[in-house]
Amino acid sequence: MTTDTLTRDPASTVPLSQMDVSDPKLFQSDTIGSYFTRLRREDPVHYCPESAYGPYWSVTKFNDIMQVEVNHQTFSSESKLGGITLQDMQSGEASLELEMFIAMDPPKHDAQRKAVSPAVAPSNLVLLEPIIRERAGFILDSLPVGEEIDWVDRVSIELTTMTLATLFDFPWEERRKLTRWSDVATATPETGVVSSFEQRREELLDCAQYFKGLWDKRANEPPKPDLISMMVHSPATRDMPYLEFLGNLILLIVGGNDTTRNSISGGVLALNQNPAEYRKLMADPGLIPKMIPEIIRWQTPLTHMRRTALMDAEIGGKKIRKGDKVVMWYLSGNRDDEVIDRPNEFIIDRPNSRHHLSFGFGVHRCMGNRVAELQLRIIWEEILKRFSKVEVVGAPERTLSNFIRGFTRLPVKLRGH
Amino acid sequence: MPTVIFIEPDGAEYPIAVKSGTTARDAAVNNGVPGIDGDCGGECACATCHVHVDAAWMSRAGMAEPGGMEANLLQFAEGSTENSRLACQITMTDDLDGLMLRIPDGQH
Ligand code: FES
Numbered sequence: 001m002t003t004d005t006l007t008r009d010p011a012s013t014v015p016l017s018q019m020d021v022s023d024p025k026l027f028q029s030d031t032i033g034s035y036f037t038r039l040r041r042e043d044p045v046h047y048c049p050e051s052a053y054g055p056y057w058s059v060t061k062f063n064d065i066m067q068v069e070v071n072h073q074t075f076s077s078e079s080k081l082g083g084i085t086l087q088d089m090q091s092g093e094a095s096l097e098l099e100m101f102i103a104m105d106p107p108k109h110d111a112q113r114k115a116v117s118p119a120v121a122p123s124n125l126v127l128l129e130p131i132i133r134e135r136a137g138f139i140l141d142s143l144p145v146g147e148e149i150d151w152v153d154r155v156s157i158e159l160t161t162m163t164l165a166t167l168f169d170f171p172w173e174e175r176r177k178l179t180r181w182s183d184v185a186t187a188t189p190e191t192g193v194v195s196s197f198e199q200r201r202e203e204l205l206d207c208a209q210y211f212k213g214l215w216d217k218r219a220n221e222p223p224k225p226d227l228i229s230m231m232v233h234s235p236a237t238r239d240m241p242y243l244e245f246l247g248n249l250i251l252l253i254v255g256g257n258d259t260t261r262n263s264i265s266g267g268v269l270a271l272n273q274n275p276a277e278y279r280k281l282m283a284d285p286g287l288i289p290k291m292i293p294e295i296i297r298w299q300t301p302l303t304h305m306r307r308t309a310l311m312d313a314e315i316g317g318k319k320i321r322k323g324d325k326v327v328m329w330y331l332s333g334n335r336d337d338e339v340i341d342r343p344n345e346f347i348i349d350r351p352n353s354r355h356h357l358s359f360g361f362g363v364h365r366c367m368g369n370r371v372a373e374l375q376l377r378i379i380w381e382e383i384l385k386r387f388s389k390v391e392v393v394g395a396p397e398r399t400l401s402n403f404i405r406g407f408t409r410l411p412v413k414l415r416g417h
Numbered sequence: 001m002p003t004v005i006f007i008e009p010d011g012a013e014y015p016i017a018v019k020s021g022t023t024a025r026d027a028a029v030n031n032g033v034p035g036i037d038g039d040c041g042g043e044c045a046c047a048t049c050h051v052h053v054d055a056a057w058m059s060r061a062g063m064a065e066p067g068g069m070e071a072n073l074l075q076f077a078e079g080s081t082e083n084s085r086l087a088c089q090i091t092m093t094d095d096l097d098g099l100m101l102r103i104p105d106g107q108h
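Read top to bottom, the protein sequences are chains A and B.
The first sequence begins at 1 in UniProt numbering and counts up one residue at a time.
The second sequence begins at 1 in UniProt numbering and counts up one residue at a time.
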């Protein structure tokens, strides 16, 4: 490549007025970073008048994002206004009028969240830890040493699916159904996961049907500490309309699956790209609890959350109008050098590593963050016991999405001790 | 310098003397008190600094303002009670010297 082609990098040459960071291909090729760097520097709260998703604001700096997060009176998550992603939830072609508490404003949000959250609260997780650890060990012990394998399929998907099955007390042999539904829920036809919105709709209705069966069964059993039983037996959730039931299920499936899956893969890649950090970790496994939040920041498995302005407002000196779509780019805020020291470096013993945006903040902050951290901690503890290195041996393939930041393939070889 | 005393679920006590004006969250985070992560940096946005104010101190420390952000977040925190506060919203003053804050079971 000549310097000429380098300087013509579109991220630095496209006029700001035409800059559109919503193209999923920029995320798949992992070239989005330089666009965000430029926006943080030149136009941190940026208006894009025209895109495949209509006009939208990009909020790219950590503290501006924080301001939007905590102001849920002004910046709504309501699904009827479009919900929580750049792609409107209630848009015609995707229409399956799903309702989930992440896409509701208080007070309805509060009641439903309160009903479900005990399942992923620390005291319940203490009970789950030994099960997750045993299952993680089982997955790792079944892997061949020295042979090329796909880490995404063999470990990341397996482990998160197993955990999710445990949280739902889902029929064990059928647990890969959860993986499929998670993929389908966030897929568009261009990803190839489904061939049409029609197919997506059908499969999600199958999902609802299946869970309805589990729901009816749990309703006739005494309460247990799994997510379905909790929803069945809580007054806030037990009479939920059908599509609200389906919506909340999908929220829990996607929330508990895609995100952690991609942080497990992302951690392996980051350590391989930073061999000194990998050595530091091998020399002191006690660093794992500090490393986990750094992996979650580094990966930022959800690139953004979106809000809709309920009234005129101001962010970073820009006038936002009532009805405007406001996108908080976590992936950008997590690289903001005004808040995070040396943000483009992966540092496993970073002081203050918990101060990142990946879980969001305010009333919509990720409910499952402790489960995510628990899974990541356990998997790394168990990896270190067994292998001297999980070595990346080929190019990773990334997800075609402007919402899920993840991997579809990560070829690795395992080295024994 | 007022002292704030954090009490772990197992009874272990962490007395920390801080300058007046310091929040209880900063006192805990800067001194490595287990169970107070303070992820949002003290912005009242994450509830990882949840504490139970000792009953004898409630009148002086005060309750979270009903309907405010602090109360909003506390309703989702595990083990939240009438005595629950977010430590980042408690500013230490001489008046609060000796304040006892209990760390909820399972916060870590
Ligand atoms: S430190 Fe986040 S709410 Fe107190």
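One or more of the hints may lead you astray.
Here are the simulated distance ranges between beta carbons [to be verified]:
1. Thr3/B / Pro289/A: 25 to 31 Å
2. Ala17/B / Lys212/A: 40 to 46 Å
3. Gly21/B / Tyr47/A: 38 to 44 Å
4. Asn352/A / Thr81/B: 27 to 33 Å
5. Gly62/B / Asn352/A: 25 to 31 Å
What the hints contain is simulated information worked out from the structure, not anything from laboratory work.
Predicted, not measured: the structure shown is a model, and the values here were computed from it.
Ideal placement from N, C-alpha and C gives every residue a C-beta, glycine not left out.
Taking the hints in turn, this is what the structure says about them:
1. Our hint of 25 to 31 Å for Thr3/B and Pro289/A holds, since their Cβ atoms are close to 28 Å apart.
2. Our hint of 40 to 46 Å for Ala17/B and Lys212/A is violated, since their Cβ atoms are close to 58 Å apart.
3. Separated by about 40 Å at the C-beta atoms, Gly21/B and Tyr47/A satisfy the suggested range of 38 to 44 Å.
4. Taking 27 to 33 Å as the suggested C-beta distance range, the pair Asn352/A and Thr81/B conforms, at roughly 29 Å.
5. Gly62/B and Asn352/A have their C-beta atoms about 29 Å apart, which keeps the hinted 25 to 31 Å range intact.
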